[in-house]
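*Asks:* Chain by chain, the residues:
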Amino acid sequence: MIHVENVSKSFTLHNQAAAEIPVMAGASLCVAPGECVALTGASGAGKSTLMRMIYGNYLTASGRIMVGEVDVARAAPREIIALRRYTLGYVSQFLRVVPRVSTRDVVAEPLLATGATRAEALAQAETLLARLNIPERLWPLSPTTFSGGEQQRVNIARGFAYPYPALLLDEPTASLDPDNRATVLAMIGEAKDRGAAIIGIFHDRMARDEVCDRTLDVSQFTPGRAT
Amino acid sequence: MSDYNFAYLDEQTKRMIRRAILKGLAIPGHQVPFASREMPMPYGWGTGGVQVSAAILTPEDTLKVIDQGADDTTNAVSIRRFFQKTAGVAVTEATAQASVIQTRHRIPEADLRADQILVYQVPIPEPLRFLEPSEVETRKMHALEDYGLMHVKLYEDISQHGDIATAYAYPVKVEGRYVMDPSPIPKFDNPKLEMAGIQLFGAGREQRIYAIPPYTRVVSLDFDDYPFQPTKADHACDLCGAQNSYLDELIVDDDGGRVFMCSDTDYCSTRRKQGHVGAQGLPYAEGAT
Amino acid sequence: MTPLLEVENISKSYGARVGCTDVSFDLYPGEVMGIVGESGSGKSTLLNCLAGHLCPDLGAVRFDTRADGLRDTLTMSEPERRMLGRTDWAFVHQNPRDGLRMNVSAGGNVGERLMAVNARHYGDIRASAMDWLGRVEIAHDRIDDRPTGFSGGMQQRLQIARNLVMGPRLVFMDEPTGGLDVSVQARLLDLLRGLVRDMNLSAIIVTHDLAVVRLLADRLMVMKDGNVIETGLTDQVLDDPQHAYTQLLVSSVLQV
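Protein chains in written order, with the working numbering: chain A, 7 to 233; chain B, 41 to 329; chain C, 270 to 525.
In short, the hints are calculated from the structure, not lab data. Here the structure is a predicted model, which means the values were calculated and not measured. Hints may contain errors.
Quick look at which bits of chain A chain C covers, simulated, 3 or more residues with Cβ under 8 Å [said to hold, decoys possible]: (1) 12-20; (2) 141-147; (3) 169-177; (4) 216-227.
Over the 10 Å line for every Cβ pair with chain C, so calculated as not near, a few chain B residues [unchecked claim]: (5) Arg59; (6) Lys63; (7) Ile67; (8) Gln283.
Think of the CB as a built atom: it goes at the ideal place given N, C-alpha and C, for glycine as much as any other residue.
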């Protein structure tokens, strides 16, 4: 489902004497449907960078990143938009939403974008929010005022609202209590069962061992720091 | 006879105005700019109508001038005297005998004939003016037939008053093309805009002439569910008993007593001469008013 | 899939001063494109060239018309362009006073476009106006009030209703949240997002506010001195800017 082939990336900081910082070279990775692969490596090794490149959030300098039929490294913006709408889900560590929009609507939005009716989308949103133990009295409120753990769960609900065939999970269980952590891991397991290809970053080793089929240390793709 | 050129204006000016009139007749309802002259009367007193009349009068013409339907009001009397003095033409109060009728705010009740010309005094020729202040923009709207705004005005009427409250200067569409302000005639007169005579409109201050040729289609704008209705006071003339003429309402005493009478004085007196008597009317007597 | 709008080599200068130079892009149905840049970068000039308010010196703006497919709107006759402007196109001004008739009621403002294309049933026009006021969250009992009595946010929402009543396919927006309080901005942004999604609108939004484009736009175009210096997916341009100026722009945003 996800094929990363010989990918490289560097940042050029024009405003800091045009310093060029290579961050990745020769990265390759394959994830089959129903498989969950964990990215590992020390902080700064490029786990999030690789994930962001797969999502199209960072540009890729060279190589191919096939998600389904689309090469993210070369696709036009509208192809990536369609990919994100129907194929590739992403749960980031940060919740970024329009202020003053209710939690229920925030979670329902990915479904509405795929053409679901409002009633269907809201029903699914409520099911997920209930499952993730977000109190019902918070549903009509904007998640911007929620605690970190609550925001994280809203983010997960939003990422799981639509059954994407491919999922990127950046620290999905960080800052969760044991009950909610178990729920999230169960949801990841269910996504695998329905055939989703998943790439995750888990600092939580126990969680990683529970849901991931294998790990990939991205340190091997980190170019020697030329300093 | 005076030392004035016939009908006051010089011949070059008359030619210029006639060209504007001919263009107006060729493009019914379209406002044609013209070089309006200073006239020996203030703007608002009919300088546009007077210039049009001056340009079309011939020594053989018989002129009638009315103001709100009456021949005997200040404005009508002044203009009639003006042309008696400067053109020496015959004048009349009888609609049927006039070849040129200059009017302010009314169309005579009697149907006009093909050999008669009706000249309107127009204060503001632009029907879109109150909603769109820019002349550049309104001209463009006419050119592109962009008339949604005209209905906005009628929409506002209905939303505020429950009905189209515009009672005079009611906008019309001429021959399916130009939206035109028929001058401040009551909307009761709108159906009469389709007539056998030539209708010329002159706006002196605004320097515009426009025209409706004989038998031109003139449709009052409206909505399907709020159709145009030519309204008048629900009353008969108290002097001549006419059921279908436009009426003026007069308060006649301190007790609120009122009389309705035809605004077209010639129409009323003609009927009274023929023996018609209204609810409060006295039989016609020579010299009575 | 055919683009809804094909922009090719648009250039416009004001005498010796450059407005915008050699701008090309395609916009597809349902796409929202943001144009960002500082004041004087040429973004408003470009928007006005695209919307037919300014005539560019060079280039073509082809729009996929319902009747005849792609047509160059710059060589179209003015009546045709006007017709586009009141049916398939909409333009939301930064200052609602530029896009509204302030001496006409809210209902009349929304109904004008309908009447311009020969809607002649008062009841239907009013029902549409009522429906649209509801969609932009203006209370129905304000339908006969003039916008002079509305707050800035309400005026902007009324302007949006007036623009969208015809079901346009392409909306041009010039700093749509410009003069509004942040709290009002948020509500407007959410409203616009919902409308764009539900009506499958395409939109071109000019703004200097990077937060606005992040929330509204799928794609981003960064302009400087009349040139397009960077384009791409909105979050990619903002999170991984390539050009020196874009990096500066992104890093200059104040953090709350």
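*Asks:* With reference to the structure, classify each hint as holding or not holding.
*Replies:* Hint check results:
Coverage of the segment 12-20 of chain A by chain C holds [criterion: at least 3 residues with CB-CB distance below 8 Å; count 4]. With a threshold of 8 Å between beta carbons, the proposed coverage of the segment 141-147 of chain A by chain C is violated, since 0 of its residues qualify and at least three are required. With 0 residues having a Cβ less than 8 Å from any Cβ of chain C, the segment 169-177 of chain A misses the three-residue criterion, and the hint is violated. By the rule of at least three residues with a Cβ nearer than 8 Å to a Cβ of chain C, the coverage given for the segment 216-227 of chain A is violated, with 0 such residues.
Arg59 (chain B), annotated as away from the interface, keeps every beta carbon of chain C farther than 10 Å; the closest lies near 28 Å. Interface exclusion of Lys63 (chain B) from chain C stands, the closest Cβ pair being 22 Å apart, more than 10 Å. Residue placement check: Ile67 (chain B) keeps its beta carbon more than 10 Å from all beta carbons of chain C (closest about 17 Å). With a least beta-carbon separation of about 31 Å from chain C, Gln283 (chain B) lies farther than 10 Å from that chain, consistent with its non-interface assignment.
Violated hints for the displayed structure, listed by number in ascending order: 2, 3 and 4.
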